[in-house]
Amino acid sequence: MAEFLRLAFAIAGKDIRLELRSRTALLSAIVFSALVLVVFNFARDPTAIAAVDLAPSVLWVTFAFGAVIALNRAFYVERENAALDGILLAPVPRSALYVGKLLANLAFVGVVEAVALPLFVLFFNVSIGHALPGILGVTALATIGFVSVGTIFSAMVVRTRFAELMLPVLLLPFMVPPLVGAVQVTSKLLAGRPLSEMVGWLRLLTLYDIGFVTLCILVFPAVVDE
Amino acid sequence: MTELADPPLLSARGLVRAFGALQVLRGVTLDVRPGELLAVAGPNGAGKTTLLRLLAGLMRPSAGEVLIRGQRLTRDDPEPRRAIGLLSHHTFLYDDLTAAENLLFAAKLYGLRDGAAATRAALEEVGLSARANTPVRHLSRGLLQRAAIARALLHQPDILLLDEPFTGLDAPSADRFRTVLASQLARGRALILVSHHLAEAWELATHVAVLAGGRWALEGKRPADLTAFHARYAELVHG
Chain A
9 MAEFLRLAFA IAGKDIRLEL RSRTALLSAI VFSALVLVVF NFARDPTAIA AVDLAPSVLW
69 VTFAFGAVIA LNRAFYVERE NAALDGILLA PVPRSALYVG KLLANLAFVG VVEAVALPLF
129 VLFFNVSIGH ALPGILGVTA LATIGFVSVG TIFSAMVVRT RFAELMLPVL LLPFMVPPLV
189 GAVQVTSKLL AGRPLSEMVG WLRLLTLYDI GFVTLCILVF PAVVDE
Chain B
106 MTELADPPLL SARGLVRAFG ALQVLRGVTL DVRPGELLAV AGPNGAGKTT LLRLLAGLMR
166 PSAGEVLIRG QRLTRDDPEP RRAIGLLSHH TFLYDDLTAA ENLLFAAKLY GLRDGAAATR
226 AALEEVGLSA RANTPVRHLS RGLLQRAAIA RALLHQPDIL LLDEPFTGLD APSADRFRTV
286 LASQLARGRA LILVSHHLAE AWELATHVAV LAGGRWALEG KRPADLTAFH ARYAELVHG
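First to last, the sequence lines map onto chains A and B. Sequential numbering from 9 applies to the first sequence in my numbering. Sequential numbering from 106 applies to the second sequence in my numbering.
Mixed in with the good hints, there may be bad ones.
[What the hints assert, rightly or not] Pairs of lysine to aspartate or glutamate, DMTMM-like flavour, derived with a Cα cap of 20 Å:
no.: 1; chain 1: A; residue 1: Lys196; chain 2: A; residue 2: Glu11
no.: 2; chain 1: B; residue 1: Lys213; chain 2: A; residue 2: Asp61
no.: 3; chain 1: B; residue 1: Lys213; chain 2: B; residue 2: Glu184
no.: 4; chain 1: B; residue 1: Lys213; chain 2: B; residue 2: Asp201
no.: 5; chain 1: B; residue 1: Lys213; chain 2: A; residue 2: Glu11
no.: 6; chain 1: B; residue 1: Lys326; chain 2: B; residue 2: Glu305
Worth flagging that the hints you see were computed from the coordinates, not collected in a lab.
So that you can see chain A by itself, here it is in the shape it has in the complex (with noise of 0.2 Å):
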């Protein structure tokens, strides 16, 4: 399990570092989730529908959009000189190469919410104080299970012609689930409800993560190998 964990840990850290080096899949992301919550917020008619109300599905709009931007970079840098042939060439177990790409994912994505989140407070003029530590634990748990599933789509992908658009369109059905219980929890912790009536919706997503991160770690090595 050590050696698993080292291995997944290697690859994410050299994903990190080549991000760090050139930038460009976090900085889009970042500013095309930017981008959609500057175009929600000029489109919205504040005088038809409260800000609270229509906030949670912005953000989780927003944190979809800008996940499906990041998630696109995830095996992109594999091609370059066939770099993924030179880790599946090594002794490394392909579900270790999974984990360490959602790991990868995870802090991209993780990023992009981190600067997202503020800024749709400020756009959308919502007080979040009282509930963040809750829409941090949401987001938390949406976020897992929809990289977990588009770090699976993003291999799948990575092979084809249209990779940057058979992403989108492969993993967007997939993210319903978690996101309509991301927005039904955010919802109700906006709105100051008591835990009993988001804990269906936490079952579900709690699930769903665990359902989603045990399959593609066992359909990876199939995904991936020729």
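Based on these hints, arrange chain B on the given structure of chain A.
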């Protein structure tokens, strides 16, 4: 390639590989023992690169098997892969990392105890120490090839698979690389070298083979006369 008593480090039995209806390899069998260098020649599309990818475990055969020290190479057991080093058409290097960072990452993948020392030694062996901290994207074609060679040698693999290894190397670098290969053979490593220009490694080769139409058209100990081999090659490949 069966004359020596040592058991083979690398064997292939009846390797077949098809891409849809196209059969690229049609039953290739080989044994390579410690200290042997099998030089493989063949025309474009003969299946040379496919053969190396199958031997490296990067591709699964449609039929047949690859054995590393008698142990079947499978997807589920990563350990036999530790014995293989592959120098491919691609460098397996990340452009935004330096040569040293690329090798250090590879050292982690292979679980080397002292990755920094192994990196230094590998870069020294190919004469790239002075450019260790240069991002790979700034290296010339020849230096890039040297970095790729260093990556392939880094974990001291018992089996080296080399696909056109002299590509991009200038004459002094090619000489240096031949010395590296000789040293690998002296250490009992098994080498398979695929090239259009066998003259580059002729003196090092212990065995030669010609792959044509997905099969061995010729295989055996290296003959003494390269010119005669070229004539035989032309006859086999071009009729």
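Okay, the hints, checked on the actual structure:
In summary, the hint linking A:Lys196 to A:Glu11 is not supported, as the alpha carbons are separated by about 42 Å, beyond the 20 Å threshold. About 49 Å separates the Cα atoms of B:Lys213 and A:Asp61, which puts this hinted pair outside 20 Å; it is violated. Simply put, B:Lys213 and B:Glu184 have alpha-carbon atoms about 15 Å apart, close enough for the 20 Å limit, and the pair holds. Taking the CA atoms of B:Lys213 and B:Asp201, the gap is near 18 Å; set against the 20 Å cutoff, the hint holds.
About 10 Å separates the Cα atoms of B:Lys213 and A:Glu11, which keeps this hinted pair within 20 Å; it holds. Annotation: proposed proximity of B:Lys326 to B:Glu305 holds, straight-line Cα distance about 17 Å (limit 20 Å).
Consistency with the previously given hints fails for numbers 1, 2, ordered from lowest to highest.
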